[in-house]
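Chemist: Residues per chain, in single letters:
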Amino acid sequence: AQSVTQPDIHITVSEGASLELRCNYSYGATPYLFWYVQSPGQGLQLLLKYFSGDTLVQGIKGFEAEFKRSQSSFNLRKPSVHWSDAAEYFCAVGLPNTGNQFYFGTGTSLTVIP
Amino acid sequence: NAGVTQTPKFRVLKTGQSMTLLCAQDMNHEYMYWYRQDPGMGLRLIHYSVGEGTTAKGEVPDGYNVSRLKKQNFLLGLESAAPSQTSVYFCASTRTGTGQPQHFGDGTRLSIL
Numbered sequence: 001a002q003s004v005t006q007p008d009i010h011i012t013v014s015e016g017a018s019l020e021l022r023c024n025y026s027y028g029a030t031p032y033l034f035w036y037v038q039s040p041g042q043g044l045q046l047l048l049k050y051f052s053g054d055t056l057v058q059g060i061k062g063f064e065a066e067f068k069r070s071q072s073s074f075n076l077r078k079p080s081v082h083w084s085d086a087a088e089y090f091c092a093v094g095l096p097n098t099g100n101q102f103y104f105g106t107g108t109s110l111t112v113i114p
Numbered sequence: 115n116a117g118v119t120q121t122p123k124f125r126v127l128k129t130g131q132s133m134t135l136l137c138a139q140d141m142n143h144e145y146m147y148w149y150r151q152d153p154g155m156g157l158r159l160i161h162y163s164v165g166e167g168t169t170a171k172g173e174v175p176d177g178y179n180v181s182r183l184k185k186q187n188f189l190l191g192l193e194s195a196a197p198s199q200t201s202v203y204f205c206a207s208t209r210t211g212t213g214q215p216q217h218f219g220d221g222t223r224l225s226i227l
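Chains as they are written, first to last, in the working numbering: chain A, 1 to 114; chain B, 115 to 227.
For the record, the hints were derived by calculation from the structure and aren't laboratory data. Yeah, the Cβ is synthetic: ideal placement off N, Cα and C, and Gly gets one too. Check each hint, because a few of them may be wrong.
As the list claims (entries may be wrong) - Residues from chain B that face chain A, not an exhaustive set, calculated with beta carbons under 10 Å:
#1 Tyr162
#2 Ala196
#3 Gln216
Unchecked claim - These stretches of chain A come out as covered by chain B in the derived footprint (C-beta under 8 Å, 3 or more residues):
#4 15 to 28
#5 43 to 51
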């Protein structure tokens with residue numbers, strides 16, 4: 001069965017520190033991969049996506065993610081975290097031939113210490 | 115740009131009552147989705163639609179019904195609300211084709227007493 005795992009439920013970092021959020025997926029073929037961010041009381045906003053090609057993708061707000069086929073991972077990174085980055089982050093897999101259904105991870109909550 | 119609009123934003127129901135959540139998108143998207151979000155469980159797909167007049171079950175469809183009579187609207191119904199349906203409900207839409215990013219509404223917070 002397809003699945004998306006975000007092993008870190010909650011992460012705390014200091015403002016200005018680097019950040020890496022982990023995401024692993026289980027799927028037979030290379031899926032379409034996404035990272036979304038959710039601020040409190042808001043819907044999900046797309047940060048970045050990977051379809052094919054260059055395995056390092058750039059997104060909005062200074063985020064990037066690297067696709068590693070051998071590890072079935074798609075980790076999200078940011079070199080220097082800002083207080084406004086505090087939010088919930090979701091990794092998602094888009095499945096072909098399913099009406100573009102997504103499978104979401106359970107999310108990682110990020111706290112930023114001033 | 116309105117994008118995806120959900121109505122209402124908050125609602126409190128008593129067990130056994132019925133209600134309909136409305137999702138409207140102005141992006142001419144073919145595909146639409148209803149999710150529920152519960153603590154520690156991420157987003158789970160309830161029902162989805164790949165076009166006007168079509169609907170399909172997702173991961174957790176029991177207790178819900180949907181309709182897509184117009185391309186821009188996707189309705190989620192609870193016929194007899196139960197406390198287990200207390201959740202935050204999100205609607206999303208996307209263009210046709212695999213791998214297109216989903217666009218989300220701001221959610222409806224529903225409490226069943």
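Chemist: Next step is simple, just say for each hint if it's right about the structure.
Modeler: Status of each hint after checking the structure:
no., hint, verdict
1, Tyr162, "holds (6 Å)"
2, Ala196, "violated (23 Å)"
3, Gln216, "holds (6 Å)"
4, 15 to 28, "violated (count 0)"
5, 43 to 51, "holds (count 6)"
Violation of the numbered hints given earlier is confined to hints 2, 4; the remaining hints are satisfied by the structure.
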